[in-house]
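Just need the whole structure built from these sequences, with the hints factored in.
Protein chains in written order, with the working numbering: chain A, 263 to 869; chain H, 14 to 496; chain B, 14 to 119; chain F, 2 to 162; chain S, 75 to 558.
The hints are simulated quantities; they were obtained by calculation from the structure and are not laboratory data. Be careful, since some hints might not be right.
Not close to chain S: a few residues of chain A, all C-beta gaps over 12 Å, as computed [what the hints assert, rightly or not]:
hint	residue
1	Val266
2	Gly282
3	Glu288
4	Glu453
5	Ile459
6	Pro531
7	Lys636
8	Gly670
9	Gly680
10	Ile795
11	Val800
12	Asp805
13	Ala823
14	Leu846
Listed next, the stretches of chain B that the computed footprint assigns to chain F, with coverage defined by at least 3 CB atoms under 8 Å from CB atoms of chain F [what the hints assert, rightly or not]:
hint	stretch
15	18-24
16	32-39
17	58-65
18	75-89
19	93-100
Just so you know, even glycine gets a beta-carbon here, dropped at the ideal spot from N, CA and C.
What follows is the residue order along each chain.
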Amino acid sequence: MLGVITLLSPLITAAIIALGLRRVPEAASKLSVLSAIVGFVCSLIMLIWSCNPVEPLVWATAGDFSLKIGLLSDDKLAQGMLFIVTFVGLLVHVFSLGYMKDDPGKARYYMGLSLFMFSMTGIVLADNFAMMFIFWELVGVSSYLLIGHWFMKDSAADAANKAFMVNRIGDFGFMAGILLLFAITGSLGFEEIRTAIENSPPAQGLLIVATLCIFCGAVGKSAQFPLHVWLPDAMEGPTPVSALIHAATMVAAGVYMMVRVIFLVEAAPMAGEIIAYIGGGTALLAALMATQQDDIKKVLAYSTLSQLGYMVMAVGLVAKHPGGDYAGHAAFFHLYTHAFFKALLFLGSGAIIYACHHEQNIWKMGGLFRRMPKVAITFAIGTAALMGFPFVTSGFWSKEIILAEAYGTPVLFWIGVGTASLTAFYMTRLFLIVFFGEPRTDHAAHAKDPGAVMTRPLMILAVPSLIAASGLVYKWFGIHPPHHADGHATFILGASIGALIFGVSLGFFLYKGKKKEPIGFALFRDKFYIDEIYIGMVRVCQDGVAYVAKALDQIVVDSLAVLGSARLARGVGNLFRFTQVGNLQGYAFLFGGGVLVAIILLFSFAR
Amino acid sequence: MEISLLHLIVLLPLVTAVMIMVGAPARQLAQGSSVLNAVFGVLLFSLFDRDDAGFQFVASLNVLESPGINFALGVDGLGVVLVLLSVIVMLCAVWQVPKRIEGSEKLYIVSILLIGGGAIGAFATTDLFFFYAFHELALIPTFLMIGIFGHGPDRTSIAWKITIYLGVGSLVLLAGLLWLYQASGVESFDMLTLIEAGKNIDAEAQKWIFLLLIIGFGTLVSLFPFHSWAAPAYAAAPTPVSMLHAGVLKKFGLYGLLRLAVPMLPEGFAAWENLILVLLLGNVIFIGFVTISQRYLDRLLGYSSVMHMGYAFLGMMALNEVGYNGVVLMLFAHGLSVALLFALCGQLRERVPTLEIRELGGVAKAAPFLAVFFGLGAFASIGLPGFANFASEVMIFLAAFKDGLGEDGGITPLQITCIIAVWGVVISAVYMLRAYRNIFQGEREPQEGLLDVAMDQRWPLVLLVAGLVAAGIFPNLILNLLP
Amino acid sequence: MLTLNHFLLASGLLFSIGLAGVLLRRNIIVIFMCLEMMLSAANLSLVAFSRFNLTEAGLPDYNAQVLVFFIVTVAAAEVAVGLAIIVALFKARETVHVNDLTSMKY
Amino acid sequence: MLLGGLGVVANRNPVSAAFCLVVAFVGLAALFISLNAYFIGIIQILVYAGAVMVLFLFIIMLLDVKAESKRKVNLFSVGGAFIVVALFVSQLGAVLGAGDFGKKEMPELAESQGSDVEAVGQLVFTDYVFHLQIVGVLLLVATVGVIALSKRDAPPRAAPE
Amino acid sequence: MPAYGLEIAVVCLGLLLLLMDAFREKGAKSAIAGLAVIGLLMVLVFLVFGTQETGVTYWGVYEWDNWAKFYKGIALASTILVILMSVDYAEVFKRYTNTDESQSGLGEHYILPIFACAGLMWMASARDLITIFVALETVTITFYVMVAFMRHNVGSLEAGVKYLILGALSTGFLVFGITWTFGVTGAFHLDAVGEGLSKIEGSSIPALFALVLLLVGLGFKIAAVPFHLWVPDVYQGAPAPVTAFLSVGSKAAGFIILLRVLEPFLQAEPTRDAALTLLAIMAAATLLFGNLAAIPQTNVKRLLAYSSISHAGFLLVAIAAPVEGNPDAWRTVTFYLGAYLAMTMLCFFILCLVRAHGGSDELIGFSGLSERNGLLAFGMLIGLASLAGLPLTAGFFGKFFVFNLALQSKLYWLLAIAILGAAAGFYYYFKVAKSMYWEKADEAVEFAPGQTIEISMVTRVTILVLIVATLFFGVVPGLLFSWF
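Written out as structure tokens, the structure is:
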């Protein structure tokens with residue numbers, strides 16, 4: 263029941279705003295926030311006292327087959343995720359009240375937010391693939407709308423399109439995977455599929471393909487390599503949106519989905535390997551890219567990428583540990599700690615940007631620590647969590663587990679460690695440049711803490727960033743505490759701390775009091791030229807093919823086949839027509855000839 | 014013979030057309046009758062008994078003893094859906110008639126009424142002859158409309174092309190239908206009798222009959238190699254005509270296949286399965302790429318509507334009830350969405366000098382309503398949830414996999430085709446959003462004095478969107494009707 | 014002794030000669046004459062047939078001869094009308110040469 | 002007779018062609034009579050050699066058609082014509098060969114009472130009176146037509162259509 | 075009233091009017107036309123209601139069956155329409171028959187069709203070769219006169235001469251054919267011929283030879299390839315009403331005779347298959363030629379000529395379909411001709427009006443007709459649609475049954491050709507529609523550009539009747555069948 267409320271209240275809000283409140287943004291925003299509160303409360307109740315299940319709603323029937331909308335009722339994973347979504351969502355709603363105060367499209371913005379809340383809730387509560395795909399798509403739409411909120415800016419419009427396209431490509435794989443699974447197991451529900459696979463293990467090859475296809479969806483949504491390109495551009499959207507959608511929740515949906523179907527990965531270890539390496543690769547690459555970005559949001563975006571890479575890697579590592587979904591929980595654990603501190607960081611950066619009159623280049627900031635302390639402190643906490651500052655931050659614990667998971671496979675393990683130190687490095691860089699040194703622009707010089715409506719959420723978020731790894735939380739989310747049963751615990755601990763120290767100190771020495779980028783490393787700055795490569799590929803594989811297809815269509819199908827036959831008819835017509843020579847004798851001649859032909863024919867038929 | 018609601022629905026447009034020909038005030042009468050007809054249509058839809066799988070509102074009047082031809086009306090679930098679609102689209106088409114027309118308004122409106130009325134009749138009759146005849150009713154009006162009121166310099170050749178092409182197609186179709194009738198061995202053109210009797214046509218005959226039908230109907234649906242008439246015609250035709258043609262008439266071919274080929278010619282399907290799979294990929298992928306490379310909005314919409322037909326064929330090839338329902342839903346959804354898009358395209362055409370996508374931009378600033386609704390239409394046609402198109406596509410995809418894997422445990426050709434066809438979802442997103450972004454978004458300033466859609470022309474569009482959303486959120490509104 | 018074939022051959026040849034005339038001559042009047050010739054050729058074979066298969070009475074089948082009678086009559090009427098047309102044509106065009114009658118073609 | 006026919010075709014001058022036709026018709030009449038069809042023979046001479054040919058000659062004189070001026074004869078058409086005729090003759094030969102007419106000797110006639118004129122007349126006015134009526138109408142129409150066609154009036158205007 | 079009374083009545087009407095025309099110098103000739111129409115209508119009424127039961131045969135040669143009745147009806151109806159047309163066409167006649175504006179010659183032009191009609195009616199019930207020959211010649215000779223009637227119009231005269239020579243040629247072949255039929259079977263009456271054929275022993279070649287010659291003669295009448303050569307030129311040159319008469323009246327009569335003559339040959343075993351094959355080939359040739367050669371035409375009259383060839387092709391398909399129990403072929407052909415009457419007459423009627431009101435037979439003369447007179451344009455549109463065979467017009471059912479027959483008798487190749495032809499038909503028929511509706515009126519040639527066409531009440535009614543008939547039998551074909 264609660265789930266239904268959580269699901270529908272934002273939808274209703276969105277509908278109301280769309281139909282009625284476009285002209286009254288104030289009411290719209292209030293209403294939207296209200297719905298967010300409702301959602302949060304419900305999810306909290308569900309989290310603490312689990313709720314009673316609801317009858318699945320039949321969405322579409324065809325003969326004996328039917329597609330159902332069913333809500334997971336008693337499922338720790340879902341409840342945990344739902345809590346994250348609603349919690350961060352609520353805070354972002356509130357934050358936006360300030361951030362979007364005088365934006366003309368405020369109503370539209372809140373409509374988008376509510377729509378997003380609705381779709382995200384749907385994904386979380388989905389109990390079958392069909393429903394999940396529906397909301398999967400809806401999430402894509404709302405993200406498209408929100409990224410393109412300022413659609414009159416070319417960059418924003420393009421970014422929105424890009425995000426949608428790339429996600430579509432992921433969805434293609436997702437759909438294919440769903441279809442294959444449907445063919446294999448004959449059902450769409452997660453539980454049914456699980457039991458079906460356990461009872462009658464299908465052909466490994468097909469299962470691997472199916473799993474990887476499903477994973478494609480995650481790759482798209484969670485912006486894993488090679489489909490990661492949309493996420494940095496998505497920063498064109500309003501910063502709160504980035505915080506909510508492109509850091510905390512939506513991008514995590516891919517991981518959530520993979521955890522939800524973790525049994526597939528277990529059943530197809532081969533696929534698990536690939537997934538793990540893709541995750542690790544993404545983590546490393548993104549971290550490297552993050553080291554050279556100048557846009558504060560871009561830095562955070564790439565760090566998001568690399569953190570997501572961690573999670574995906576963890577998902578893939580399940581294959582290494584058959585039995586028990588420990589690693590799955592590792593991934594999810596990191597997901598949810600990350601949700602808090604990354605949301606915190608983004609909102610913080612939002613506050614900074616807001617304070618600096620929408621200035622995003624970190625080299626145009628500086629010295630903000632004294633000028634906006636509240637933001638700075640919360641931001642510092644977030645940064646620490648992201649770096650995995652030992653023992654006191656949640657980020658540390660979640661990262662620990664993942665490293666522990668990866669320990670079995672050296673490559674991935676060292677990738678993890680390297681990424682950790684890179685993270686430490688670029689976050690140090692960011693923090694130093696933004697908050698210390700002299701303000702490099704007068705915008706930065708006159709920046710000051712924004713109003714409570716924006717700072718409060720930061721503070722609230724700072725709390726779980728620190729204590730999220732406490733026992734109570736474990737209980738709520740049904741997560742085993744990170745126990746290092748195996749003996750390498752100390753080694754792993756040492757490795758991660760060492761990485762941290764190395765990164766921090768390197769960053770500190772490199773960027774202390776610098777006014778401009780000391781080291782220009784084009785390859786990282788330009789993201790390994792992946793975008794350019796893709797643009798080239800699109801040129802060739804899409805526009806090129808399209809052009810050829812058009813040409814073929816016009817020349818072969820249209821000109822040759824259609825017009826050709828028409829011409830032929832006309833030509834033959836003229837041919838016949840010229841037998842009408844007009845000369846009487848000619849006619850008589852043809853007449854006689856006709857008679858002869860007739861006679862000859864007839865005789866040839868005669869027996 | 015008793016007068017049923019269907020008679021009203023079928024005859025109203027034709028009677029209106031005659032009255033206008035005789036000299037009644039064209040526009041007002043047409044608008045009135047279209048509204049009335051829409052009301053009737055909805056009434057029919059609501060009166061339809063969803064538990065009864067058979068034909069309802071049946072009425073028949075004999076016009077020829079041997080072979081038995083009757084003016085027989087009646088709808089089953091399939092028919093009632095398409096009749097509803099037709100009346101809605103027709104309503105919107107009539108109300109989208111531009112304010113001022115160069116030339117005879119009478120001719121313009123009569124033609125629209127004939128095209129629409131013919132479509133309604135074709136869907137509402139249960140007699141093979143009238144099924145065919147009503148569809149042909151559109152041929153001459155289309156020819157005249159494109160020729161007289163059409164757009165673009167090459168409208169003459171386009172009008173010729175569509176006319177001859179459809180003419181040839183329907184002649185092939187006629188041959189196929191006649192053959193079907195003779196193979197079934199009954200002395201009647203009543204579809205129900207035929208379908209009953211036609212269960213036992215021998216395989217060889219089925220093969221060739223099916224080929225004729227697929228060519229004939231395929232031409233009308235613009236199946237891959239027979240598509241080249243469609244897009245240019247939609248682009249060149251006056252807005253209401255392209256709405257009706259792309260929205261309603263195009264569905265006739267698939268309706269025919271569902272109605273006749275599916276129950277009567279299973280062997281035919283088996284015999285030509287691979288061919289059709291290839292052809293429908295031609296629709297989805299090949300035409301999809303062709304669409305991407307279109308430079309003018311109207312052509313782009315035309316090709317996209319051609320492209321989506323491939324999915325309908327895909328759903329049909331699954332030959333199970335999921336696919337069947339998916340196709341029907343798709344017919345409905347595609348009809349509404351494409352009508353919506355063409356209507357908006359027409360509105361845009363009245364406002365901007367050219368429809369070349371590259372030359373446009375930032376229209377949303379000046380015409381928010383237009384922009385929003387075009388966006389909705391685009392979302393619908395690229396199959397986003399919340400719109401009926403999505404539901405239909407999902408069901409069509411699932412249908413291909415409904416019956417599990419092939420005998421050898423591998424995946425069947427149909428399923429491979431289906432997976433390839435899913436890529437079409439990406440393609441359609443590419444061209445639609447690209448066009449939308451270029452035309453409506455961005456920093457380019459729209460030219461001066463660009464006005465939004467006139468108030469009295471908005472509600473038909475709202476109606477279309479409402480229909481799409483309603484059927485998208487509650488697909489069972491449509492699906493419940495089907496056996 | 015003459016067999017039926019001889020007569021048929023004769024009439025056939027006459028018919029063919031007429032045909033040849035129609036095909037060869039350029040003067041409409043002459044062409045018309047040749048047509049008359051073809052008709053009479055037909056008559057010949059008719060009479061021959063009637064002579065060669067007798068009725069029970071052992072008499073020629075006079076039905077055929079009646080037909081001949083009609084044919085002759087019709088031919089005469091045809092000639093009258095035909096010549097009238099040709100005259101009218103000559104009045105209008107000052108020609109009876111077929112090659113001048115090609116204003117309509119194709 | 003055949004020579005006469007050939008003459009018609011061969012003669013360039015219409016008048017002599019007409020005379021050749023007369024010859025042909027007379028020969029034809031002779032054949033008729035040799036086939037004991039006296040009545041037909043007579044008719045042939047009266048109607049054809051007499052009336053019809055006179056009409057022809059009259060018209061020829063009236064229009065005083067010169068001999069066909071030597072236009073360049075299209076060899077192709079002439080050759081074609083010859084081929085057509087030759088083939089036709091050969092076809093005829095084939096038919097005659099195929100049929101069993103060759104074996105038919107001319108049977109002896111029974112002793113007929115009265116001439117064949119009576120016989121034919123008998124038929125014409127009994128069995129064939131209906132046809133006779135039609136022919137009457139036909140002649141009437143012909144007359145009317147001829148009159149209508151050859152009304153005299155002012156010289157024509159050249160109004161090609 | 076005995077059936078043969080009908081012809082008598084018609085002939086008497088003709089004579090009466092002739093006398094009137096002769097002795098009544100002053101006064102409008104259209105009065106004669108009026109009387110002729112009224113008289114023929116009365117005969118038509120008698121035909122439908124007043125006549126005795128069918129199934130009688132007079133003098134062994136005059137058949138009075140349903141077919142005869144129906145074809146007599148076609149003959150009468152077409153004659154009536156032709157006379158009505160001629161009234162509207164009188165202007166043009168005057169221009170080319172006299173130099174002064176007097177009406178002399180018009181009278182004959184109203185009267186000759188009546189005699190032709192009598193001939194056609196005789197043909198409709200001719201049962202033996204002699205009757206066929208005589209009646210046929212009556213019609214033919216009347217047509218010689220009527221075609222060449224505009225004696226100051228070069229086109230008309232040229233057409234006349236061409237028709238004369240080729241007609242006479244075909245007559246020659248026909249006579250030769252009759253001769254050979256007699257020679258082979260020793261009879262003229264078709265039943266006797268049938269018996270004779272059935273007991274041929276030895277080679278069937280002479281019989282086939284006879285058949286070919288007969289086909290030549292009749293094929294000429296119905297304009298079947300390769301004996302169609304006269305059609306385009308004669309149709310184009312002849313006065314429009316006469317053309318209409320040629321293409322409906324004489325074609326219909328030709329077909330009924332063809333059916334009657336073929337019957338014995340098709341029933342006799344020795345000749346059956348060969349005959350059918352030959353017919354099928356003729357049909358194919360006719361279809362291809364008529365339809366394809368019509369595509370490039372620019373003169374509407376000539377276009378209609380080719381179209382009439384193509385329709386002959388469709389009809390031949392029906393005849394060539396060896397369905398057991400020929401009634402199917404008969405029914406199909408008869409229905410087709412009934413529909414053909416309505417639609418062709420409709421087209422020619424409008425053609426006459428356009429021509430008479432300063433347009434021309436050329437396509438361009440029709441441009442903008444929709445603005446000059448909506449009714450005419452609409453009528454033409456319906457007529458063309460029906461000729462093209464669009465559903466809900468009578469013409470469609472014609473083709474419909476023809477295709478059906480072809481399928482029934484497994485003549486798939488022929489069906490394919492027929493479909494090809496019909497497809498080509500769309501193009502050249504719609505060409506006229508195009509110029510009527512797309513082009514602007516001011517391109518109309520000759521005088522008074524864009525001037526509207528005023529038509530008399532009678533004409534209006536006639537056209538409406540024809541339109542309604544075309545559409546009605548397109549929806550309810552059953553009624554037409556109930557007449558034969």
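Comparing the hints with the structure gives:
no.: 1; hint: Val266; in the structure: holds, 54 Å
no.: 2; hint: Gly282; in the structure: holds, 49 Å
no.: 3; hint: Glu288; in the structure: holds, 58 Å
no.: 4; hint: Glu453; in the structure: holds, 56 Å
no.: 5; hint: Ile459; in the structure: holds, 54 Å
no.: 6; hint: Pro531; in the structure: holds, 61 Å
no.: 7; hint: Lys636; in the structure: holds, 76 Å
no.: 8; hint: Gly670; in the structure: holds, 72 Å
no.: 9; hint: Gly680; in the structure: holds, 72 Å
no.: 10; hint: Ile795; in the structure: holds, 52 Å
no.: 11; hint: Val800; in the structure: holds, 43 Å
no.: 12; hint: Asp805; in the structure: holds, 38 Å
no.: 13; hint: Ala823; in the structure: holds, 15 Å
no.: 14; hint: Leu846; in the structure: violated, 6 Å
no.: 15; hint: 18-24; in the structure: holds (count 5)
no.: 16; hint: 32-39; in the structure: holds (count 7)
no.: 17; hint: 58-65; in the structure: holds (count 5)
no.: 18; hint: 75-89; in the structure: holds (count 12)
no.: 19; hint: 93-100; in the structure: holds (count 7)
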